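Engineer: Residue-level listing of the chains:
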Amino acid sequence: MAVLSATERANLHARFMRDSDFPDNNEKQDIRDAVDDGDVWMNSNFGQFTAALPVAFRSASNADQRRKLFNDLALARKEAGV
Amino acid sequence: MASGDTLAYFTAADGEPPASDFATLDSRNVTLVLDYDAATDESMEFGGVMPRNYAGTTGITVTLGFAATTATTGNVVWNVAFKSISDDADDLDTKAFAAVNAVTKTTATASGEVAYTTITFTDGADMDSVTAGEYYRMIVTRDANNGSDTMAGDAELVFVEIQET
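In the order they appear, the protein sequences are chains A and E. Count along the first sequence starting at 1, add 120, and that's the number in my numbering. Count along the second sequence starting at 1, add 174, and that's the number in my numbering.
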């Protein structure tokens, strides 16, 4: 794993703001800091997510499939409000 | 015309988009607005004829009214510039805008409220020497990549008024 590049983070920052779903009292830099810190956390902790998966899936899946599972889980939890 | 008198006003529906990076039309509780992005500089142009009774001495004051899509804090940097289209002189294909004048304005404390801010232009080159009876174009840009533009999310331009200063 690696962290996103500065350009990739900037693009995510811009896209996140366009969705207009952020705390009203946050300014641009607050949101950019959240993007940066969240990316660092994911980079540091994604190995723990992988380790938590059952061996059958973990050993047979590639990195993209594990990232997709992480993404789908996060999205499902957002939609469920949990 | 006397100081403070309105020379022109524009709503979102009057906007004429440039070829790229233009503000986009949106509505807010029926009111048409122009959405300006928080990360990319976007613009909209407006065209008009300077009223014949413009005195041409004290210049003009441009008032911008804008709301935030969701934000309740932060500043927006607005740039405004003019270009005059003089009789049998200026080519619509090539005439450039004069230098911009800018203002930094804190957004309203509620996202649906409209913040008013003004930018003044002295008569003459500052407003590209637009004279009474002359066609002009005005461009309104959010300087989103300016370090002083701190408001997250879209700025919604509601209206533009031009007064005699």
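In case anyone wonders, no lab produced these hints; they're calculated from the structure. Any given hint could turn out to be false.
Here are some of the chain A residues that sit facing chain E, going by a computed Cβ distance under 8 Å [claimed, not checked]: (1) 127; (2) 133; (3) 145; (4) 146; (5) 149; (6) 151; (7) 155; (8) 190.
Label pairs and their computed distance ranges (CB to CB) [claimed, not checked]: (9) 196/A x 296/E: 33 to 41 Å; (10) 237/E x 194/A: 54 to 62 Å; (11) 280/E x 128/A: 24 to 32 Å; (12) 197/A x 192/E: 55 to 63 Å; (13) 183/A x 187/E: 30 to 38 Å; (14) 309/E x 184/A: 52 to 60 Å; (15) 180/E x 194/A: 33 to 41 Å.
One side of the interface only, derived from the structure: several residues of chain A facing chain E at Cβ under 7 Å [as the list claims (entries may be wrong)]: (16) 137; (17) 147; (18) 152; (19) 156; (20) 158; (21) 191.
Keep in mind that this is a model prediction, so the values were computed, not measured. Glycine included, every Cβ here is placed at the ideal spot set by N, Cα and C.
Engineer: Checking against the hints above, which ones are violated?
Structural biologist: 1, 7, 8, 9, 10, 12, 13, 15, 18, 19, 20, 21
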